[in-house]
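2 protein chains.
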Amino acid sequence: MVAHQDYIIATYLIHGKNDFHKKANSIAVGLTVGTWTELPETKKKQMAAHLGKVIEVAELEPTADGEPRALCKIGYPVRNLTPDLPALLTTVFGKLSMDGKIRCMDIEAPDSFLAQLPGPKFGVEGIRQQLGVAGRPLLMSIFKQCIGMNLAELEEAYRHQVDGGVDLVKDDEIFFRDDYAPAVERVRLFNRINREKEGRTGQKTLYAVNLTGPVTQLVDKAKRLVEQGADCLLVNALPYGLDILHRLAGDPDIRVPLMAHPAFSGAIYASPEYGLSSPLLLGKLMRWAGADMVLYPSPYGSVAMPQADALKVAEYLREPSPVHRRSFPGPSAGIHPGLVPALVRDFGTDLLVNAGGGIHGHPQGSTAGGKAFVDAIRAAVEGRSLQEAAQDSPELKLALEKWGSLE
Amino acid sequence: MVAHQDYIIATYLIHGKNDFHKKANSIAVGLTVGTWTELPETKKKQMAAHLGKVIEVAELEPTADGEPRALCKIGYPVRNLTPDLPALLTTVFGKLSMDGKIRCMDIEAPDSFLAQLPGPKFGVEGIRQQLGVAGRPLLMSIFKQCIGMNLAELEEAYRHQVDGGVDLVKDDEIFFRDDYAPAVERVRLFNRINREKEGRTGQKTLYAVNLTGPVTQLVDKAKRLVEQGADCLLVNALPYGLDILHRLAGDPDIRVPLMAHPAFSGAIYASPEYGLSSPLLLGKLMRWAGADMVLYPSPYGSVAMPQADALKVAEYLREPSPVHRRSFPGPSAGIHPGLVPALVRDFGTDLLVNAGGGIHGHPQGSTAGGKAFVDAIRAAVEGRSLQEAAQDSPELKLALEKWGSLE
Ligand SMILES: [Mg+2]
Ligand SMILES: [Mg+2]
Numbered sequence: 001m002v003a004h005q006d007y008i009i010a011t012y013l014i015h016g017k018n019d020f021h022k023k024a025n026s027i028a029v030g031l032t033v034g035t036w037t038e039l040p041e042t043k044k045k046q047m048a049a050h051l052g053k054v055i056e057v058a059e060l061e062p063t064a065d066g067e068p069r070a071l072c073k074i075g076y077p078v079r080n081l082t083p084d085l086p087a088l089l090t091t092v093f094g095k096l097s098m099d100g101k102i103r104c105m106d107i108e109a110p111d112s113f114l115a116q117l118p119g120p121k122f123g124v125e126g127i128r129q130q131l132g133v134a135g136r137p138l139l140m141s142i143f144k145q146c147i148g149m150n151l152a153e154l155e156e157a158y159r160h161q162v163d164g165g166v167d168l169v170k171d172d173e174i175f176f177r178d179d180y181a182p183a184v185e186r187v188r189l190f191n192r193i194n195r196e197k198e199g200r201t202g203q204k205t206l207y208a209v210n211l212t213g214p215v216t217q218l219v220d221k222a223k224r225l226v227e228q229g230a231d232c233l234l235v236n237a238l239p240y241g242l243d244i245l246h247r248l249a250g251d252p253d254i255r256v257p258l259m260a261h262p263a264f265s266g267a268i269y270a271s272p273e274y275g276l277s278s279p280l281l282l283g284k285l286m287r288w289a290g291a292d293m294v295l296y297p298s299p300y301g302s303v304a305m306p307q308a309d310a311l312k313v314a315e316y317l318r319e320p321s322p323v324h325r326r327s328f329p330g331p332s333a334g335i336h337p338g339l340v341p342a343l344v345r346d347f348g349t350d351l352l353v354n355a356g357g358g359i360h361g362h363p364q365g366s367t368a369g370g371k372a373f374v375d376a377i378r379a380a381v382e383g384r385s386l387q388e389a390a391q392d393s394p395e396l397k398l399a400l401e402k403w404g405s406l407e
Numbered sequence: 001m002v003a004h005q006d007y008i009i010a011t012y013l014i015h016g017k018n019d020f021h022k023k024a025n026s027i028a029v030g031l032t033v034g035t036w037t038e039l040p041e042t043k044k045k046q047m048a049a050h051l052g053k054v055i056e057v058a059e060l061e062p063t064a065d066g067e068p069r070a071l072c073k074i075g076y077p078v079r080n081l082t083p084d085l086p087a088l089l090t091t092v093f094g095k096l097s098m099d100g101k102i103r104c105m106d107i108e109a110p111d112s113f114l115a116q117l118p119g120p121k122f123g124v125e126g127i128r129q130q131l132g133v134a135g136r137p138l139l140m141s142i143f144k145q146c147i148g149m150n151l152a153e154l155e156e157a158y159r160h161q162v163d164g165g166v167d168l169v170k171d172d173e174i175f176f177r178d179d180y181a182p183a184v185e186r187v188r189l190f191n192r193i194n195r196e197k198e199g200r201t202g203q204k205t206l207y208a209v210n211l212t213g214p215v216t217q218l219v220d221k222a223k224r225l226v227e228q229g230a231d232c233l234l235v236n237a238l239p240y241g242l243d244i245l246h247r248l249a250g251d252p253d254i255r256v257p258l259m260a261h262p263a264f265s266g267a268i269y270a271s272p273e274y275g276l277s278s279p280l281l282l283g284k285l286m287r288w289a290g291a292d293m294v295l296y297p298s299p300y301g302s303v304a305m306p307q308a309d310a311l312k313v314a315e316y317l318r319e320p321s322p323v324h325r326r327s328f329p330g331p332s333a334g335i336h337p338g339l340v341p342a343l344v345r346d347f348g349t350d351l352l353v354n355a356g357g358g359i360h361g362h363p364q365g366s367t368a369g370g371k372a373f374v375d376a377i378r379a380a381v382e383g384r385s386l387q388e389a390a391q392d393s394p395e396l397k398l399a400l401e402k403w404g405s406l407e
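Sequence order for the protein chains is L and P.
Quick note on numbering: UniProt numbering labels position 157 of the first sequence as 157, and the sequence is numbered without any gaps.
Quick note on numbering: UniProt numbering labels position 105 of the second sequence as 105, and the sequence is numbered without any gaps.
The set of hints was computed from the structure by calculation and includes no laboratory data.
Relax, there's no trap hidden among the hints.
The list that follows gives simulated cross-link-like pairs (lysine to any residue, SDA-like), each with its CA atoms no further than 25 Å apart:
(1) P/204 to P/349
(2) P/17 to P/105
(3) P/44 to L/160
(4) L/45 to P/155
(5) P/23 to P/40
(6) P/402 to P/357
(7) P/101 to L/15
(8) P/312 to P/128
(9) L/402 to P/36
(10) P/221 to L/82
(11) L/45 to L/6
(12) P/23 to P/45
(13) P/101 to L/308
(14) P/144 to L/51
(15) P/53 to L/179
(16) L/44 to P/157
(17) P/73 to L/304
(18) L/144 to P/22
(19) P/23 to L/301
(20) P/312 to P/349
(21) P/53 to L/357
(22) L/197 to L/226
(23) P/73 to P/113
(24) P/101 to L/299
(25) L/144 to P/38
(26) P/43 to L/180
(27) P/144 to P/299
(28) P/197 to P/159
(29) P/43 to P/4
The structure displayed is predicted, hence computed values, not measured ones.
Given these sequences and hints, build the entire structure.
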């Protein structure tokens, strides 16, 4: 009988093996103590606490091509791991990732293990409190261009965005070489603009600055940016490695929310037969590592994720947990104001509505683009139709004419 | 006309698009300056140096299912990136990784960019010099079990391995919780054993200790281990992120070779339609980031890589470069003495012969297992058959009886 609080349980989808029980057993032994049957009895006693366990082997219908497949659940003793993402990934999908057609669908970990991972420092409630926004999705705008722009140009683009009423503005994730507009200068300037806007309108805004540099210096750089007024950090969590997210989230001096960008994630989740499932990678692991907000492909746009997966990512980010705060999902790409009712219907209100082209492509420009979203969001949470809301919002009306709607 | 020294060129295999030229163009613009046609002319002048370029679009035969596919080469201006792996991966396969059936097959970068990445600190020649071994593959043994073992047990296993004549011994990559035998104690003890062996036999041995802990502390931990006598570091480069390999390789105080383990790499390379190709991931990127030795699946064992890919990984690790030292390939898994002639025929002698079960599973134990390999390697480089060599080597004879051979 497996005591679940002592095991991390990984679920694998395996294609093409002849004997799934034998395979499951070889995983459970090979990826923990290495060898078992040939051990002397005294040694077995010592090693038993470190030995993996086959929890379940469920054969599925073969594929259309007749390829056998199964879901196998393997338990890894918590005591084999240090409480961090590299140990977790290396243990449950290190060597195994190279072992044929195998995909890690899910990982379940006991709260005693998860409690040693930071989880979000602010989470949904903390960020709502910072912004003073309740009962509606947050609205975020993405710079249309960052690379090659100087500070004055970015300032102009920033003002257009915040003037439309967005709650957050984020850098482009590919913004690494920022010689014409260094991160620290952007942070100082945009922070000033945010405070001006708050004075004028009462609305707070967060600027998510792209955190770049040697991974060994990111914590220090984050602290420097926070000292200079940064109020949110954008992190390419997978290119840098999930552990740096953990270390940023776990550092008490970094007193700002972390926004995880999904850059490179498709290289890991996109195949149906290999890699990690998107809900595991972008939902569970990102939240465990400490992302307050997670961007990922929406089910609507051209860069689309299947709806069931996109919803499951959001579920993992927001489901109640005794140890971790909840994270904001930001299903992104192809978002325009006409999609807001569908977003709210599908994802609820604890949501980042994240738009690039859907704001900047507005016929009247980025400020009107933001306003159209603000009006669409208000209508959606009040249960009014967009058509009705557009009566009082010329910006929304133009947006609907351009992009249509999905209600 | 594209000046290749100014661009990083990524080659993508794309399935299923209708218009590959249009797709290629949208990548070149979207992943660099974001927008182009609508820019005013003066702005275009400013942004031209940052704009990506379509280098080539080569449509391939459709798949057996009639799905269209093409190889597209896109050039990204070097000036858009900082010289590090996270910037490179985010730029060439960040958002794009999530954009349908797309695989990054290769990346070519100008020497001016690569010169800013460390590459191996020692490389093939440096490691050969350290070990005093020329003209033959190196032999490495993997601990059969690490988790749960105490220092005395590991010491015994270590002695059995080095007594067989191996050049290197490595930790298990899943060895994170080492409370019964902390890394620093293993390093001190095994270093002493190595020096004893050298005094006795003249043969040097390197112990590759698994480098674990918070990514923010790995450089400091590596220095501490080196101070205590570590002579090689095993790094789970993908679970931790490739940038930490870069920072370890780039640190002058870490005066020991780095061995990259491929844990988690299958999650990225194994699908034929998504992710990164194995030669790119395990050959180019590992070498650029600074791995002196790279382990990866051999084409022979049960955890197998297609032969063409395994050879290409080795080619990328060892091809001459004006900026980087060459790395040792370690095609691993399923290696036994009977495979040595095939390994040498396929991979040449600048090679790590890396064995776990093929050493520990020897009928007379690990020391005899090492000896069988030593004799097989000598025969292979001298051009003698294993059968002939086995006349004078009872250990090799037994190994061949157990595992057979592939000559
Ligand atoms: Mg962008
Ligand atoms: Mg092992």
